[in-house]
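Student: Please model the entire structure based on the sequences and the hints provided.
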Amino acid sequence: MSIWEYANPVRFMRLSDRVLPWLAALSAIVMLVALVWGFFFTPDDYRQGSTVKIIFIHVPAAMIAINAWVMMLVASLIWLVRRHHVSALAAKAAAPVGAVMTMIALVTGAVWGEPMWGTWWAWDPRLTSFLILFLFYLGYIALWAAIDNPDTAADLTSVLAIVGSVFAVLSRYAALIWNQGLHQGASLSMDRAEHVADVFYYPLVTAIVGFILLFVTLVVLRTRTEIRARRLRALLARESRE
Amino acid sequence: MMALLGRDLALALRSGGGFGLSLAFFLIVVVFVPFGVGPDTEVLARIAPGVLWIAALLSCLLSLDRIFQLDWEDGSLDALVMAPLPLEGVVAMKALAHWLTTGLPLTVIAPLLGVLLDLPGPAAPWVFLSLLVGTPALSLLGAFGAALTVGIRRGGLLLSLLVMPLYIPTLIFGALTASRAGEGLDFLTPFALLGGVTLLAAALIPFAAAAALRINLR
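From first to last, the protein sequence lines stand for chains L and V.
Here my numbering is used: position 7 in the first sequence is 16, and no number is missing along the way.
Here my numbering is used: position 133 in the second sequence is 505, and no number is missing along the way.
Among the clues, some could well be false.
[Stated by the list, open to error] A few chain L residues facing chain V, derived, Cβ under 8 Å:
1. G122
2. M125
3. L144
4. G148
5. A155
6. D164
7. L165
8. V168
9. L169
10. L179
11. A184
12. I186
Don't read these hints as lab results, they were simulated from the structure.
Heads up, the beta-carbon is just placed ideally off N, CA and C, and yes, glycines get one too.
Tutor: This is the structure:
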C-alpha cells in the first residue's frame, strides 16, 4: 500500500467517491462551528470593535491562497517526474480555488482596512504580494484554458508553476524593499509568544481547520470533475472515429 | 550559435516592423504621459524614472511573440531543435538577438526621452545603467513566455498575461534604482539586486524555455 496507488484514476475515483461526502459534511460542520463561534461568541476588540471578526475569514483564506500555490507546485512536480494524470488534474483543479481564496483575502482585507487604516487599498508589501499572487493564478488558469492537448497543457503549466514560484517569491521580497508596510505582523506563529489573544485564537484555529477541509473537499470534487471530463472526451473521440 | 545570432539580427533589421516599431511605441508612450498627468514639470520630474521604465517594459512586450512565432510558422524552429546545438543555447541566442534589437536601443534613447519628462540630471545616467542591466532579464523572461505560447494561435494577449507578473521584480528594482538616484538616496542596493535578478534569469530561463519548446514541438 502506498499513496501512489491512488494515482490510478479508477482507484482515485473509487476512494474519493466514498470519502467525499464525509469530507464535505465535516468541512461544513467545522466551518459552521468556527464561524458561529467567531462571530457571535467572541468579544469585540478594545480598539477595533466588531471589525476584528473579519480575521476568521481573512487569515484562513490568505493561508489557503498561499498554500494552494505550494500544493499546485508539488502536484506539478509529481506530474513532471512520475507522469500521474491525477496529479496534473489536481493542480488544475486547485488553481481557481486558490485564485478565489486570494480574492477573498484581498476583499475582506479591504473591508477591514477601510474603517481601520482609513483606506481600501494601500501599496503595502503584503497586499501587493497578494495582488501579484492573484496575477500568477490568472496566468496559470489562462494557460490551461488556451491549450487543446491536455498533456501539453499539463506539461507547460507545470513549467510555468515552477518558474512562477521562483518569481513570486522574488516579487515578495522585492515588494518588501520597495515600500514600508501598514500591515501588522503575523497573527499566528509557532515560535513567538506574541500573537492574538486566546479568545480569538481558538476559533481562529478552528476556522483554519475548516478552510483546509473546505479546500481539500473542493479540490477533490473538482479533480473528479476533470477526470470525468477527460473520460467524456475520450468517449466522444472514440465515437467519432467509429 | 553566432550564425544563428547573425541570422536573427538580420531578420529583425531587414523584415521591417519589429526593430523600429518598439522604439516608436516607446516614444509615443512617453509623449502621452504629459497629456495624461498634465505638463507640470515638478510632477513629471518625479515620475520620470518610473514612466521610462514602464514604457520600456511595454515596448519590450510588443515584440516578444516574434521571438519564436515566425520560426515556428515556417518550420525552421523544428530544424533548430534537430540541429546539433543545445536548445538552451538557441534560446539564449534568440533572447540575446531580441535584446540587441529591442532592449539596447530602448536603453540608449531612454535618457534622451527623459529630457521630455524633465528627468533630473543625476538620474539620467542611472536610468541608462539600470535599463542596460535590467532589460536583458526582460528579453529572457519574454523568451520563456514566447516558448510557452508558441503553439497557440493569437497567443499575444496570453503571452503578456504570463510574462507581466514575471517582470515585477525587474521593474521594482530597476525603477527604484533610477528614482532613488534622482532623489540622491542610496541606489546601489536595488541596483545590485537588479543585477542579481538578471543573472538569475540568465542562469535559469534558458533551461525552462528550452523545456517548454521541447514540449510544444513534441
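Student: Take the hints in turn and mark each one as holding or not.
Tutor: Against the structure, the hints come out as follows:
1. G122: This interface hint is violated because 22 Å lies over the 8 Å limit.
2. M125: 27 Å, violated
3. L144: 4 Å, holds
4. G148: 5 Å, holds
5. A155: 5 Å, holds
6. D164: This interface hint holds because 4 Å falls under the 8 Å limit.
7. L165: L165 of chain L check passes; min Cβ-Cβ to chain V is 5 Å, inside 8 Å.
8. V168: Hint on V168 of chain L: holds, closest Cβ of chain V at ~5 Å, below 8 Å.
9. L169: L169 of chain L check passes; min Cβ-Cβ to chain V is 6 Å, inside 8 Å.
10. L179: 4 Å, holds
11. A184: Constraint on A184 of chain L satisfied, holds at 7 Å.
12. I186: Given a least distance of 7 Å, the restraint on I186 of chain L holds.
In this structure, the hints that do not hold are numbers 1, 2, in rising order.
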